[in-house]
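Number of protein chains: 2
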Amino acid sequence: MKPVKVGICGLGTVGSGTFNVLTRNAAEISRRIGCEIMIAQVGARRDNPDCDTTSTQVTRDIFEVASNPDIDIVVELIGGYEVALKLVLLAIENGKHVVTANKALIAVHGNQIFAAARKHNVTVAFESAVAGGIPIIKALKEGLAANKINNLAGIINGTGNFILSEMQAKGRDFSDVLKEAQALGYAEADPTFDVEGIDAAHKLTILASIAYGIPLQFDKAYTEGISKITAEDIRFADELGYRIKHLGIARRTAQGIELRVHPTMIPKQTLIANVNGVMNAVVVDADAVGQTLYYGAGAGGEATGSAVIADIIDIARNIIGGNTAASPPLGFQAETLSNLPILAMEQTETAYYLHLKAAEKPGVLAAVTKILGQGGINIEAIVQKESDEDYVPVILLTQQVFEFQMNKAILEIEALDCILGDVTRIRVEHL
Amino acid sequence: MKPVKVGICGLGTVGSGTFNVLTRNAAEISRRIGCEIMIAQVGARRDNPDCDTTSTQVTRDIFEVASNPDIDIVVELIGGYEVALKLVLLAIENGKHVVTANKALIAVHGNQIFAAARKHNVTVAFESAVAGGIPIIKALKEGLAANKINNLAGIINGTGNFILSEMQAKGRDFSDVLKEAQALGYAEADPTFDVEGIDAAHKLTILASIAYGIPLQFDKAYTEGISKITAEDIRFADELGYRIKHLGIARRTAQGIELRVHPTMIPKQTLIANVNGVMNAVVVDADAVGQTLYYGAGAGGEATGSAVIADIIDIARNIIGGNTAASPPLGFQAETLSNLPILAMEQTETAYYLHLKAAEKPGVLAAVTKILGQGGINIEAIVQKESDEDYVPVILLTQQVFEFQMNKAILEIEALDCILGDVTRIRVEHL
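Protein chains in written order, with my numbering: chain A, 1 to 431; chain B, 1 to 431.
Don't read these hints as lab results, they were simulated from the structure. Heads up, some of the hints might be wrong.
If several chains are the same, the list does not tell them apart, and a pair holds so long as it fits within one copy or across any two.
As the list claims (entries may be wrong) - Dumping the calculated SDA-like pairs for lysine to any residue here, alpha-carbon to alpha-carbon at most 20 Å:
id, residue 1, residue 2
1, Lys228, Ala26
2, Lys148, Asn20
3, Lys148, Leu397
4, Lys170, Gln269
5, Lys268, Ala169
6, Lys86, Asp238
7, Lys5, Gln384
8, Lys385, Glu239
The structure displayed is predicted, hence computed values, not measured ones.
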């Protein structure tokens, strides 16, 4: 059988990981598919010393790859938005299947890309765009295809999880651990994308579209980072039986879809609360199967390359088999995508942890609990903590309420004379 | 598009779960595939009050389903060996695709069934046969298809895991918890299949064949149950930082494949050590992606039905798309299956926990450590425990050695005058 030919654009960490795994495991992969996957061309601005491309055709012009008549599948691993979009659209127009690890591209331009792919009858696959090597997109699109997905929650940014894990394990401060993460290469010099949750929101947007069959709507995702989480809150959470994790959460309600990335307190005995370091995990709750969890490396050249190649293999099998009905990009037929609204953050429902600084005088708790009571917010627990400062830290756990109720109550609490500074709020989920 | 028609044989727990999920989620499933999945016929000896089959054609003769010219996919959910084999082979001869949840059937007769399927150019799928609703077979066959699998280890029998979890959490004895499991319906009146590891060995055999591309060889799996695990050993393990889990383990070595089911001590901070109750989980270690873990319900009608229907959906997509190269049953092309040998248990390598009853006299440790040293077995730790009995419990942890070395050493230790009764041996893995 003649080989399926791929062109790899980009030879950075993921590009070289993909190149090396495809080369090293060529025999094992051929045993699976029944034909060879051949790297027909590599497009990269510069060579990568980790990759031996001496027997591969290399071009400095990635657009040459997208136009190469020899190539069946174009693999976009250059990252970024504009050039990547142009490359992917050109490849599609030229009738090539596309595999990409670019979460930003898919989350922001996915709808446009999928429409082009439909028009030209090619496949676009992006398993590697979410949670690196974990086959979570395949699980949602195919493994759980019998189910209605209720909700999902994921640790889908390794940098953020490394920072929170270190803060948890060693009682260290955010800025301190961030510096270490930067030194280790886990965090960028400008860490905004990771620690402010933008990267996680890209990935969550993709997961939610696949879970519910809705168009990609990155602009409607709520995003809150971890830079304000303190060692003190991590300790207080621990004492209450919780871990703080930076989760991407999607939930189907009667009103629409909740889509939110924020620091979240979860019970410490849950499996996902014990996913530490740079590792990723996604918990899915579905109507037939119940809860399932998927865990693995969320980044790294070969781990992400593993997912890139899984997509290549799926497409190769379809090419060989002449399959004209491969699973669509979001796992749902395009014409059946739903207009279920993404809910504004104010309309989402969750429980809360509140951390107040109370002046040392009588009546503070009475004033606070009155505000919560009038706002229809039930209190699960109140704990006063010791402090060396001239205030008393008060921790409250509430039952589940709408975010708009909590916003109003927090404004009122912050306006009390006996409350110093801002109220810290961390959402609590029991998954 | 015309519907894909399935015939369901067997209307027990999994049959009714499959029927009900297919019916309830028909709209969601059609949105995914682009056509309807129609239950054209049900074959069952008796009705199931959990299933409303009033608008479905029902026959008491399951073989009628396998011969029904209307049906594209026959779903075998009757269990057992002989009748199920006859049914599946008849369906294949009649050109029907087959989906089955029957791990015993696949583990024991899979090679024969797959050969028949190849001859008649139909698909045989069995995601639901291993770990219930967890899409682990899809993960191995497709999600990790870029990888060489090094090893995998799974909690793949819910009954056994429930018993060990209860023993762990409450310090209870095996027989006591088994009775409760039987009362709860988690364990059969004759629990041999579950607690002696036969069910787990069926599932492990299937996983190993998919991981390594080897024929199914159930007869070569080593199987050891949990009925001899005591509350005392669980406590000692806990004190050393371990949990005892009933694992199915497959490992690729230079000499061949280790294939073994036995109680295993694993570090308590690992994720899989924290999988409790009837839940299942599989850890896979692969060369490109590293370690991934898959967790979920290993049994239950709808959870298992979720996996049955995932197989139906995959096959339906191939039918619609005219795919002539669907992924083969084991994920490898039949002609590339490897004759890598399954190693005899004596040739497998692992670390050990040994529990000896030492007479209270001097020189015991010297005699024991001498035997181990002469056998080339390095000791990691020795702990003497308190006891009310007239002997001293001695716990030893060893480094990794071959099983034949340990067998010889244990025989010699048991022959010592100062050692009372049998030596308890539990294998230790760090995964």
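Among all the numbered hints in the text so far, which are the ones the structure does not match?
Numbers 1, 3, 6, 7 - these are the hints that the structure violates, sorted from lowest upward.
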